[in-house]
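Residue-level listing of the chains:
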Amino acid sequence: MKIPAEGKLLRIFIGESDRWEGRPLHEAIVLRAKERGLAGATAFKGFLGFGCKSHLHTAKLLRLSEDLPVIVEIVDSEEKVAAFLPELDAMVREGLVTMEKVQVLMYRAGPA
Amino acid sequence: MGKWLGLAAGSLAGGFSRYWLAGAVYGRLGAGFPYGTLAVNLTGCLLIGFFDSLAVKKFVLGPEARTLLMIGFCGAFTTFSTLMLETDNLVRSGETGRAFLNVGVSVVAGFLLFRLGALAGELL
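Protein chains in written order, with my numbering: chain A, 336 to 447; chain B, 55 to 178.
Pulled out of the complex, with its shape left as it was, chain A reads as follows (with noise of 0.2 Å):
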């Protein structure tokens, strides 16, 4: 699989604890991507944010670390991720996502 060198990369900042048919969120999206048969995904797990509803979470605090931010990052072609996007759209019901074109440099995997 190639991505071409302009690439588009999503970034989906979630809730650790949002869910999507009874599974979390981020495992959804990731799992659906690449169902979509798209380059990668990765999610990432932070320790402390805050989002649209201004509510601190941090992984300091035991009571505030209940959701703690997650972002899902999603690299492939333009036409990829904008084919997955209606799909994200019903899934991502709070939180925010951003697009930007990238320069991919390298796309390898090792040996089998």
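Treat the hints with care, as some may be off.
Pulled a few chain B residues facing chain A out of the computed Cβ check, cut under 8 Å [as the list claims (entries may be wrong)]: (1) Ala76; (2) Thr136; (3) Ser147.
By construction, these hints were calculated from the structure, which means they are not laboratory data.
We treat Cβ as the ideally placed atom computed from N, Cα and C, and that holds for glycine.
Here the structure of chain A is known, so what remains is to put chain B in place on it, guided by the hints.
Just chain B now, with coordinates in the frame of chain A:
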């Protein structure tokens, strides 16, 4: 049987109250320090001091009431484990002074508030 039900009810109420109060305190004071945990621990000390007074000095609280209010409610309302966890988090983020402050204030103010609660119970 009454003792076990009392323990269950007190613990449930204590745990939920802790969750609620800590959340409310962080909402007002922000997340710069473990204010929420401090609030529940100090309030719990005040309460247990008060109940202890009523139980021991005034014989107003019988064994089942003590189980419910002191072992159940106060036990579940306060949290030593979270105090340690959050103190460790402060140490790990380089805030050693605040870590000591967290433990120090919890212990000293906790004890003072216990005595204050006990005094309130005696004066009642």
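Do the hints match the structure? See the list:
1. Ala76: Holds. Min distance 4 Å.
2. Thr136: Hint on Thr136 (chain B): holds, closest Cβ of chain A at ~5 Å, below 8 Å.
3. Ser147: holds (7 Å)
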